[in-house]
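From first to last, the protein sequence lines stand for chains A and P.
The C-terminal residue of the first sequence carries number 152 in this note's numbering, and the numbering is unbroken.
The C-terminal residue of the second sequence carries number 152 in this note's numbering, and the numbering is unbroken.
Copies of the same chain are indistinguishable here, so a pair counts whether it falls within one copy or spans any two.
Pairs of lysine to aspartate or glutamate residues, derived as DMTMM-like cross-links and limited to a Cα-Cα distance of at most 20 Å, are as follows:
hint, residue 1, residue 2
1, Lys-27, Asp-103
2, Lys-73, Glu-131
3, Lys-140, Asp-103
4, Lys-27, Glu-131
5, Lys-140, Glu-64
6, Lys-140, Asp-67
7, Lys-73, Asp-61
8, Lys-84, Asp-117
These are calculated hints, taken from the structure and not from any lab test.
2 protein chains.
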Amino acid sequence: MKCTLAVTLLLTTLGAVVAPSFADSKPEEQILQSLQIYFQAWNEPVADKRDALLKDCWADNAEYTDPSTHAKGRAALSIEIGKFLGNEQLKGFSIVQASNIDVHHRVFRFQWEMRDPDGNTVSPGMDYGEYDDQGRITKIVGFFGPFQESQ
Amino acid sequence: MKCTLAVTLLLTTLGAVVAPSFADSKPEEQILQSLQIYFQAWNEPVADKRDALLKDCWADNAEYTDPSTHAKGRAALSIEIGKFLGNEQLKGFSIVQASNIDVHHRVFRFQWEMRDPDGNTVSPGMDYGEYDDQGRITKIVGFFGPFQESQ
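Using the sequences and the hints, build the whole thing.
Here it is in structure tokens:
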């Protein structure tokens, strides 16, 4: 897995506990690694490389849903990410993790930000997700924007 | 359904669209009504009344999970709410909706606050959830506290 070193360095920087190998670690640790790979996939414009990243973190038949999209399975998600990265109006924009990953039971949440080519935040958002016993993502549901105050 | 009037008034106050009857409205409208009933259930100390409220909003075998609890089915959730409301250390505390309910596809999110007997917020939190074609809640997953900044 060619991204192992980068992921390990990233997780070490974040202060997470990195087990000796992916296979030996607990699901609660594996999901943190899976999510780092998932974030890489959202910023990988080359389809083959993106597919390989998703193979390492996204369970078969896992589902991705946001307000504008529903994608079931790895191939469908890769296509959706490709559409996002290939959108001329969003050229140079990126999706960046913006909070710690909060995990309990087999679920997680985190905040992210869409940033413009100059690094300015143009939109916040959050994802809810679920993972399996192998620490692979089985579901992600995204919400755009901040929570809105009660009216 | 004895709480219909109160729920209708509450939803009208919130500016939500209230269909002529629960059965005739769309799932996207029904889930807003279901959640108002659900919030009532979290503040109803009488078990029979609470069970009746949950019957109106909580699907059979729906699952509730938060960092400290997992409850499958209506009876199990009612017991967990009863434990919360019967906790002497939390006497007079309440759970209050603190954001609009953000809905897309068959999912939703909202923020809530735990308030002390004087009405002061002692803990924020958020719930993610899913609902069925009848607008009944099939899953709620809670997270305690605010999102934590990335380290």
